[in-house]
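Line order of the protein sequences matches chains V and U. Here the UniProt record's numbering is used: the first residue of the first sequence is 1, the next is one more, and so on. Here the UniProt record's numbering is used: the first residue of the second sequence is 1, the next is one more, and so on.
A few of these clues could be false.
Capping the alpha-carbon separation at 27 Å, the derived lysine-lysine pairs in DSS-like fashion look like this [said to hold, decoys possible]:
hint	chain 1	residue 1	chain 2	residue 2
1	V	K210	V	K236
2	U	K178	V	K524
3	U	K365	V	K524
4	V	K470	V	K554
5	V	K570	U	K244
6	U	K194	V	K574
7	U	K327	V	K524
8	V	K72	V	K185
9	V	K269	V	K224
Hints were generated in silico from the structure; no laboratory data involved.
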Amino acid sequence: MDKRERQAIIRNFSIIAHIDHGKSTLADRILEKTGALSEREMQDQFLDKMDLERERGITIKLQSVRLPYKAKDGKEYILNLIDTPGHVDFTYEVSRSLQACEGALLVVDASQGVEAQTLANVYLALENDLEIIPVINKIDLPSADPERVKKEVEDVIGLDASDAVLASAKAGIGIEEILEQVVEKVPAPEGDPDAPLRALIFDSVYDPYKGVIIYMRVVDGTIKKGMRMRMMATEKEYDITEVGAFAPHPVIMNELSAGEVGFVVANIKNVRDTRVGDTITDANNPADEPLPGYRRINPMVFCGLYPVESSEYDDLREALEKLELNDASLTYEPETSTALGFGFRCGFLGLLHMEIIQERIEREFGIPLITTAPSVVYKVYQTDGKVLEIENPTLMPEMQKIERVEEPYVKASIMVPNDYVGTVMEICQNKRGNYLDMNYLDTNRVTLTYELPLAEIVYDFFDQLKSSTKGYASFDYELIGYKASNLVKMDILLNGEVVDALSFIVHRDRAYQRGRALTEKLRKLIPRQMFEVPIQAAIGNKVIARETISAMRKNVLAKCYGGDISRKRKLLEKQKEGKKRMKAVGSVEVPQEAFMAVLKIDDSK
Amino acid sequence: MAPQAVYIHVPFCTHKCHYCDFTAYTVGGQPVDDYVSALDKEMALTVADTPPGIIRSIFIGGGTPTVLTPKQMERLLASVRRHFPNWDENIEFTIEANPGTTSPELLRVMREGGINRISFGAQTFRPDLLERIGRVHGVEEIKRGVELARQAGFANLSLDLMFGLPTQTVDDMETTLKEAVALAPEHFSCYSLKVEEGTLFYHLQERKELPLPSEEAELAMYQLTRSYLAEQGYAQYEVSNFAKPGRESRHNRTYWLNEEYYGLGTGAHGYVRKRRHANIKGVKEYIQRLQDNQLPIQESYQVTHEEEMENFMILGLRLMEGVSREKFSCLYGMELEQAFGQVLTPLMNKGLLERSGDRYRLTEKGLIFGNEVFADFIGGIEL
Numbered sequence: 001m002d003k004r005e006r007q008a009i010i011r012n013f014s015i016i017a018h019i020d021h022g023k024s025t026l027a028d029r030i031l032e033k034t035g036a037l038s039e040r041e042m043q044d045q046f047l048d049k050m051d052l053e054r055e056r057g058i059t060i061k062l063q064s065v066r067l068p069y070k071a072k073d074g075k076e077y078i079l080n081l082i083d084t085p086g087h088v089d090f091t092y093e094v095s096r097s098l099q100a101c102e103g104a105l106l107v108v109d110a111s112q113g114v115e116a117q118t119l120a121n122v123y124l125a126l127e128n129d130l131e132i133i134p135v136i137n138k139i140d141l142p143s144a145d146p147e148r149v150k151k152e153v154e155d156v157i158g159l160d161a162s163d164a165v166l167a168s169a170k171a172g173i174g175i176e177e178i179l180e181q182v183v184e185k186v187p188a189p190e191g192d193p194d195a196p197l198r199a200l201i202f203d204s205v206y207d208p209y210k211g212v213i214i215y216m217r218v219v220d221g222t223i224k225k226g227m228r229m230r231m232m233a234t235e236k237e238y239d240i241t242e243v244g245a246f247a248p249h250p251v252i253m254n255e256l257s258a259g260e261v262g263f264v265v266a267n268i269k270n271v272r273d274t275r276v277g278d279t280i281t282d283a284n285n286p287a288d289e290p291l292p293g294y295r296r297i298n299p300m301v302f303c304g305l306y307p308v309e310s311s312e313y314d315d316l317r318e319a320l321e322k323l324e325l326n327d328a329s330l331t332y333e334p335e336t337s338t339a340l341g342f343g344f345r346c347g348f349l350g351l352l353h354m355e356i357i358q359e360r361i362e363r364e365f366g367i368p369l370i371t372t373a374p375s376v377v378y379k380v381y382q383t384d385g386k387v388l389e390i391e392n393p394t395l396m397p398e399m400q401k402i403e404r405v406e407e408p409y410v411k412a413s414i415m416v417p418n419d420y421v422g423t424v425m426e427i428c429q430n431k432r433g434n435y436l437d438m439n440y441l442d443t444n445r446v447t448l449t450y451e452l453p454l455a456e457i458v459y460d461f462f463d464q465l466k467s468s469t470k471g472y473a474s475f476d477y478e479l480i481g482y483k484a485s486n487l488v489k490m491d492i493l494l495n496g497e498v499v500d501a502l503s504f505i506v507h508r509d510r511a512y513q514r515g516r517a518l519t520e521k522l523r524k525l526i527p528r529q530m531f532e533v534p535i536q537a538a539i540g541n542k543v544i545a546r547e548t549i550s551a552m553r554k555n556v557l558a559k560c561y562g563g564d565i566s567r568k569r570k571l572l573e574k575q576k577e578g579k580k581r582m583k584a585v586g587s588v589e590v591p592q593e594a595f596m597a598v599l600k601i602d603d604s605k
Numbered sequence: 001m002a003p004q005a006v007y008i009h010v011p012f013c014t015h016k017c018h019y020c021d022f023t024a025y026t027v028g029g030q031p032v033d034d035y036v037s038a039l040d041k042e043m044a045l046t047v048a049d050t051p052p053g054i055i056r057s058i059f060i061g062g063g064t065p066t067v068l069t070p071k072q073m074e075r076l077l078a079s080v081r082r083h084f085p086n087w088d089e090n091i092e093f094t095i096e097a098n099p100g101t102t103s104p105e106l107l108r109v110m111r112e113g114g115i116n117r118i119s120f121g122a123q124t125f126r127p128d129l130l131e132r133i134g135r136v137h138g139v140e141e142i143k144r145g146v147e148l149a150r151q152a153g154f155a156n157l158s159l160d161l162m163f164g165l166p167t168q169t170v171d172d173m174e175t176t177l178k179e180a181v182a183l184a185p186e187h188f189s190c191y192s193l194k195v196e197e198g199t200l201f202y203h204l205q206e207r208k209e210l211p212l213p214s215e216e217a218e219l220a221m222y223q224l225t226r227s228y229l230a231e232q233g234y235a236q237y238e239v240s241n242f243a244k245p246g247r248e249s250r251h252n253r254t255y256w257l258n259e260e261y262y263g264l265g266t267g268a269h270g271y272v273r274k275r276r277h278a279n280i281k282g283v284k285e286y287i288q289r290l291q292d293n294q295l296p297i298q299e300s301y302q303v304t305h306e307e308e309m310e311n312f313m314i315l316g317l318r319l320m321e322g323v324s325r326e327k328f329s330c331l332y333g334m335e336l337e338q339a340f341g342q343v344l345t346p347l348m349n350k351g352l353l354e355r356s357g358d359r360y361r362l363t364e365k366g367l368i369f370g371n372e373v374f375a376d377f378i379g380g381i382e383l
């Protein structure tokens, strides 16, 4: 079969779905149906590799699978299923993997209908001119209402849903029809197999034996072993040692030509050299233009990570080094806190990304962490004309030196049932939101659009949104730039000393309220000490709130039960364990949660 | 060297008190005779394993050992004498007793069997408080018990008192102390109530129906106890123990000095040849095991060198005299500061610990924050 014939039987597609709407299960069924996996290998949700992903039911690291499929028309097709991460933090990655496809399955839960996240990804798919095949999933559930959901897909998204597949991935219903529609409706890839090579990088992973494995889609030309390749954005060059595809196990191939999806190995030591969205070309016969859409992604949320045991600093650095190998969007820099000692200021794409990294460090590397409250990057315009980018509240200059401060804003779309519109508007108002728009999707559902400071979203916005709408609200946001705000730095003093790790930046109008709430919260979180501990919140030198932790009066062990020393020891060991989870800040023992306390303040009170 | 102290547990009571989580069963219908036989067997097996040398203290605790009949008591004491025959001439042989359980007949048997010290569970001299904590005796029975013991020739008596009881006030405690001192025992043990899981008090506390005194009040009761007893000639020699000169409990000191002891009976703990063990708790199971000629050990472990050093500190510091540096280096072959330097200095800086000459001991402040001090020694060795 020549390259053009092969191109005609290729179908590249991905799956767009809201969390929990059954994407992973559907992917598994497709693998099963095409016979890509043997019965024995048919482990649930093959595409989601990491434990964490499985626990949270979301995909973090995308992958692609090459599947042979014999369609009803009697022809053999090659289907490439490209998985996408399903969270707002990873929107850029999603857009790149969608760009590698010609079609997408839009999976919508037959009971819950369209959600904000789905909508955001559908728009991304439409921007990339993808053929979208609606799939109404979970039709076997008693609460399923496929007709309503079909109508919603038509009304809300504007897609023709008359051919929508009614499916249940769990029960194995509708899988074949989905594959048939992929073959029929998704166009074969265009692109010139004889033109100079252009391949789109949509992901990479680090393998300790082979180095970086690049996942890419060949758009024009052919990529093969032995070729000297060049990354057009980073201008790095490497000799290709392996070309292949995942089926789903890696299969080495001679070459991949226009339209095909697969992997490339080239002794690359750092994932940072293989940026998502970059174009691979042939160094000896380079293309004139890279593929469109490449963008450098910058971390948006920062926090300090400190080992609980200061002796584990080096272990923490090693853990970050290892994670960085596989995660080009994670950044870290050494940082020192007077309260917490040596640690790292880390940058993340968003809150979920941050939580995932923290959990992986604690779980996979076994390093207990103290995390400071997350911060965004503030632009500080000084009176002397200098502009600083501040990602750590501690580094905020004195008020007298500041001309103005700007903070990042996002445009947030919140999809919510009618009944909760008031509640959601109140939350947005409390979070310093500016109302932009309100759209009725149907008689029951509304999309609210607000402009919100990113910093407010980083604080417990999502939790509040979910809890006050019984989980019905879904939301998505995009960064829209910086705006000036009346912001001040709030310091927290324990026993008269400023605890740098507790400082945070807050809007002046909220400062009193938040200072009071935080000192109260800390009083509850910090256990009594052998002496009285005052907690103060201050802006500059002005104390705006104060609480006192009363002193512990005594702590003595009672009777020794007939020589039962081990019982006594157990009690003391427990006490010691409790102490271990504390960080000594000056003479005060502070529990780890205290450093995140600022996040848990309810502004509505 | 073989242990010089013996602990024997008698797990029977006339009934269970509201705060008690010891191994104790109400005596009615219990196989007490079989239990006494089983104890004899355990003693035999134990001394066959580790033959005793000279015994300096024996402590029969409970439960309420004095719920045994004179006959059962006689058998028990005969077993003790048979299996642990070599007694120091100044042996301290204590039995715990509840007021109201010591008949002249029983006291006579105890005396003849070698017991020379009685520790009475008086707890408080306020009738309403006695009832509230589930004691079955009244104040009169405490007085009567002491009187009978004196008549029977017991020259060494101790009273257990409790403070921090529900609704108890500092004034209540003062009354109790006055009445207790009026009985002129040689020794006092004063414990604060600790609400243990699985007790009636625990359930009441869970339901917020246990009106415990405030921490301040409890502390005031402790300080009152210390000052009043000192005034009355009872020197504090341990966190919870007070005695007339020369009447400190030798058996208790065994524990605080981290020395070894045999532990016999249900739920008893022993420390023999550097192994600590706990016996099984159930009476029937205990008896069965001994009828099968097996030691009734539930669990045991070898104490590591480090743990031994830690125990030396956390137990020894409970004594007012503190711990001896010389003894430490003699026992463990290194300086105390070498083992615990990282712990000692901060504790001294916080004013919880002081050094004078050869000894480290708790300060006044350290005494009321004892747990803070002891916990630091756990895992505190850095060599």
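Status of the hints after comparison with the structure:
1. K210/V with K236/V: Status holds; Cα separation ~18 Å.
2. K178/U with K524/V: violated, 41 Å
3. K365/U with K524/V: Roughly 25 Å between the alpha carbons, so the hint for K365/U and K524/V holds.
4. K470/V with K554/V: Distance ~44 Å between K470/V and K554/V Cα, so the pair is violated.
5. K570/V with K244/U: violated, 33 Å
6. K194/U with K574/V: Between K194/U and K574/V the Cα gap is close to 16 Å, so the pair holds against 27 Å.
7. K327/U with K524/V: Violated. K327/U to K524/V sits at ~44 Å, over the 27 Å cutoff.
8. K72/V with K185/V: holds, 14 Å
9. K269/V with K224/V: holds, 20 Å
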